[in-house]
Structures are given as C-alpha cells and as structure tokens.
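The lines below spell out each chain.
Number of protein chains: 2
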Amino acid sequence: MHDKQHIASAFDRDLENIQALILKMGGLVEAAIIDGAQSLADRDIENAERVRRGDKVIDAIEEQLNEEAARVIAIRAPVSRDLRVILSVLRLAASLERIGDYAKNMAKRTSVLAELSPIEGSDAALKRMAREVQNMLKDTLDAFVRRDADLAAEVLQRDQDVDQMYNALFREFLTHMMEDPRAITACMHLHFIAKNIERMGDLVTNMAEQVIYLITGQMPDEDRPKGDNTSYVSSPE
Amino acid sequence: MHDKQHIASAFDRDLENIQALILKMGGLVEAAIIDGAQSLADRDIENAERVRRGDKVIDAIEEQLNEEAARVIAIRAPVSRDLRVILSVLRLAASLERIGDYAKNMAKRTSVLAELSPIEGSDAALKRMAREVQNMLKDTLDAFVRRDADLAAEVLQRDQDVDQMYNALFREFLTHMMEDPRAITACMHLHFIAKNIERMGDLVTNMAEQVIYLITGQMPDEDRPKGDNTSYVSSPE
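One line per chain: the protein sequences are X and E, in this order.
Taking my numbering, the leading residue of the first sequence gets 1, the next gets one more, and so forth.
Taking my numbering, the leading residue of the second sequence gets 1, the next gets one more, and so forth.
Don't read these hints as lab results, they were simulated from the structure.
Each hint should be verified, as a subset may be incorrect.
If several chains are the same, the list does not tell them apart, and a pair holds so long as it fits within one copy or across any two.
As the list claims (entries may be wrong) - Calculated pairs, SDA-like style, for lysine to any residue (alpha carbon to alpha carbon, straight line, at most 20 Å): (1) Lys24 / Ser88; (2) Lys195 / Leu174; (3) Lys138 / Ala41; (4) Lys24 / Lys195; (5) Lys56 / Asn206; (6) Lys56 / Pro220; (7) Lys56 / Glu209; (8) Lys24 / Glu63; (9) Lys56 / Tyr213; (10) Lys56 / Met219; (11) Lys195 / Asn105; (12) Lys56 / Asp202; (13) Lys56 / Gln218; (14) Lys195 / Phe170; (15) Lys24 / Met178; (16) Lys138 / Ala20; (17) Lys138 / Gly27.
Keep in mind it's a predicted model, so treat the numbers as computed, not measured.
So here's chain X without its partners, still in its complex pose (with noise of 0.2 Å):
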C-alpha cells in the first residue's frame, strides 16, 4: 500500500489538483483584466461591479491554493524538485493575486471616469494594453502547463511593447493637462489606469522569470531593460 509508485502517483494528482486550481485562478485574472478595461471604455458601472465581486472569488482561490500546498507538503512530504513545483505554483498564485488586484482597482474608476469628459484615443489605448498583458498572461500560464521556457522567455521581452505604450500614454496625458486644466482630474484618473496596467505587465513578466527558474533552475539574465522611464521625465516632449 505504501510502495513507492502509490506515493508518486498520489502526489502527482495532488500536483494536477493544484495546477488545475491555478489555471483557474489564471483565467479569471485573465478576464479580470479583459473586462475591467472593457468597463472602463464603456462607462459600465455594472460591469465594473461584476469585476469587483470577481475578485473575491480569486482571492478564495489564492485561499485554496495555499491551504491546499500546505496539506499536500504536510501529508507527502516532496522531494526537493516536486517541493519547489509547489513553492513556485505559490509565488505564481500571489503574483495572479497582485494582478487581480489592479483590475479591480482599475474596474473601480469606472464611475468617477462616467463624471467626466472622454480624453480622446485614451480608451482605446488603455484596451490595447489591457489585450497585450492578457495575452501575455496566458502564454506565460501556457509556458508553466507545458514547461516551455522559451515561451516565457519572449513573454519578457514583450513586456517592453507594454513598456512603451505606457510612456507614450504618460507624455500624452502631461500634455492634455498642459493644453486644458479641465482635463487634468480624467488624465489623473487614466494615468492611473494606465501605471496599473503597466504594473500588470511587470508582475507577468516575474511570473514568466519563476515559470522559467521552475523550468531551468535559472533566473534569466538580470540585464533586462526596465520598461517604465517616466521617472526620468521632466517635461512631456
């Protein structure tokens, strides 16, 4: 009853049972994201109201997860490899956590943005940078299911198209603000929005640096450039 291959092989369902939960998790962050830019472009408040109740059930999921690996540590007491599956699946989960997050705290201006004047080109920006994290969100979920490090390898470098929306949309909102103080409460708001999802973009890519130190043993090169460089902005161009 105790042979080796029973052990491995209950482990591996439980491994399965905690990969499926965080796939789970994945996706409704990944919808998170989708439909709190979505309630934002349409002024829907009851989208936006859908996405704040969303993120309580991942939140439990998160729960669930860390219950969940604790036992599973506790009853089968893994070899150093499966422990650091399950260790990584953690940090994955918490990262998911941070990101469902923000689309919340995205999803929650919604009403204040009703209130005030559309800044033009600004939503339909703010939802092509919300499609691009999601879409990485979902190669790099697909990189840890598969164990493909090269996936996730070019999850990081896309981060940096993110980067660049997210610096163009900066310099953009400083000079509607400039040209029209009564733009300056909505451009507070979508710059705010738009840090956030360049935030998103951020925790992917640490997600996609675990996915791949889980795959390789290594944390890819430090050297990466890093994306948001408004800190060094004085004035918009």
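Following the hints, position chain E against chain X.
Frame of chain X; chain E shown alone:
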C-alpha cells in the same frame, strides 16, 4: 541520534535562522522607506542611488529565505503548525520585497524632482507618511516576533491615517495643478510617490493580517474600511 528531541531542536534552530533573516530583511526595508523619502526631500541623488543599490540586497535576502525555507521543509518535514510558520514567513518576505520595490521606485524619482520647482508642503507631508508606514512595519515585525496579535491589530487601524494623508494630498495636488499648469509635471510625480507610500501602507496591513492569522489561525474581519477613496473623486473639494 534521530530521537524526537534532537529533531525538534534542530528545527527550532532552522526556524530561528529563518526568523533572523526576515528581521534583517525588514530592517533594511524600514531603512529604505526612510532613506527613500529623505533622498526625495533633500533632492539627494547619491542617497537615492544608495537606496536603489540596497534593494538588490533586499531581493537577495528574499531569495535566500525561499531557498532556506525549501531546504528546511525538505529536510525536516515539519508538522502542520511549524509548516504554517514557514509558509507565513515566505508570504511576509514577498510583501517586504514589494515594499522595498516601492521604496526604490520612490527614490528613483529624486533626480527628476531635482529639476522641478518644489510644491510647498509636499516634502514634509510625504516624509510624515513614510515615517508612519515605517513605524507600522516596525510594529508588525515586533508583533510577529512576540506573537502579539493585539499589536498587529493596532497596525490595521493605523493604516487609515496613512490613507487619510494620501487622500488629502491627492486633493491638494489636483488644486495646485488647476491653479498653475506649470506645477503639473511636479505634481504628477509627487502624486505618484504619495500613492506608492499609500500602497506600502496597504502591504504592511496585509503583513499585519498575516501575523494575526499566524497567531490566531483566523484572518481578521474583512470589513475594514478601504483607504484610497480617490477612485470616487471627480474634482478637488
């Protein structure tokens, strides 16, 4: 040699080692918060650079903690309560790492602020906020070491002060920008910094909740009021 007593005390030593690492990490993050805010107030680019370099040390300790925790779990196969302590420490470490990142990002804006006209009163307000968050972090770590759930619960309350400071600053910056478009760029950066400090406060709050969970086995009441209400501010008051 493998009697229960021996194993228990070896585990205790491991746990002490892990706790020492998290306290060291916490001390460095506390210093990063204060030094980050101080470098901004003084427009001291060298000090900001020190904060940025220091963040690498913080990240390295988090890595070390993750490795050490995996090693201890694999070797000692701790019982569920001890395992919970270790997994809690990893979550505390993940929060500390994020707070360190925010402190670094705050320091990074020193050079751009040095090129812009100061906004009256903002430096002092930001330093007050940073000081309060650092105190909250200190008390959270004390609560962890002493297993003092009351002290951790007190930290949850204090986060509301940080949130109030942030909300007041948000309105002030909006007013400044509307009155003087030349102040827009500086206010955008300063607002960013204020929001980052507010987020650090939220992360410390999450840590305090984690400490309470570790001690009592229960998460504190979820109905704590959420701090940043600027999602609903369509105009400065």
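To see whether the hints hold, each was checked on the structure:
no.: 1; hint: Lys24 / Ser88; result: within (16 Å within a copy, 24 Å between copies)
no.: 2; hint: Lys195 / Leu174; result: both (14 Å within a copy, 18 Å between copies)
no.: 3; hint: Lys138 / Ala41; result: neither (22 Å within a copy, 42 Å between copies)
no.: 4; hint: Lys24 / Lys195; result: neither (26 Å within a copy, 31 Å between copies)
no.: 5; hint: Lys56 / Asn206; result: between (23 Å within a copy, 15 Å between copies)
no.: 6; hint: Lys56 / Pro220; result: between (33 Å within a copy, 16 Å between copies)
no.: 7; hint: Lys56 / Glu209; result: between (27 Å within a copy, 17 Å between copies)
no.: 8; hint: Lys24 / Glu63; result: within (13 Å within a copy, 27 Å between copies)
no.: 9; hint: Lys56 / Tyr213; result: between (29 Å within a copy, 18 Å between copies)
no.: 10; hint: Lys56 / Met219; result: between (32 Å within a copy, 15 Å between copies)
no.: 11; hint: Lys195 / Asn105; result: both (11 Å within a copy, 13 Å between copies)
no.: 12; hint: Lys56 / Asp202; result: between (22 Å within a copy, 17 Å between copies)
no.: 13; hint: Lys56 / Gln218; result: between (34 Å within a copy, 17 Å between copies)
no.: 14; hint: Lys195 / Phe170; result: both (9 Å within a copy, 16 Å between copies)
no.: 15; hint: Lys24 / Met178; result: neither (44 Å within a copy, 45 Å between copies)
no.: 16; hint: Lys138 / Ala20; result: within (14 Å within a copy, 38 Å between copies)
no.: 17; hint: Lys138 / Gly27; result: within (8 Å within a copy, 37 Å between copies)
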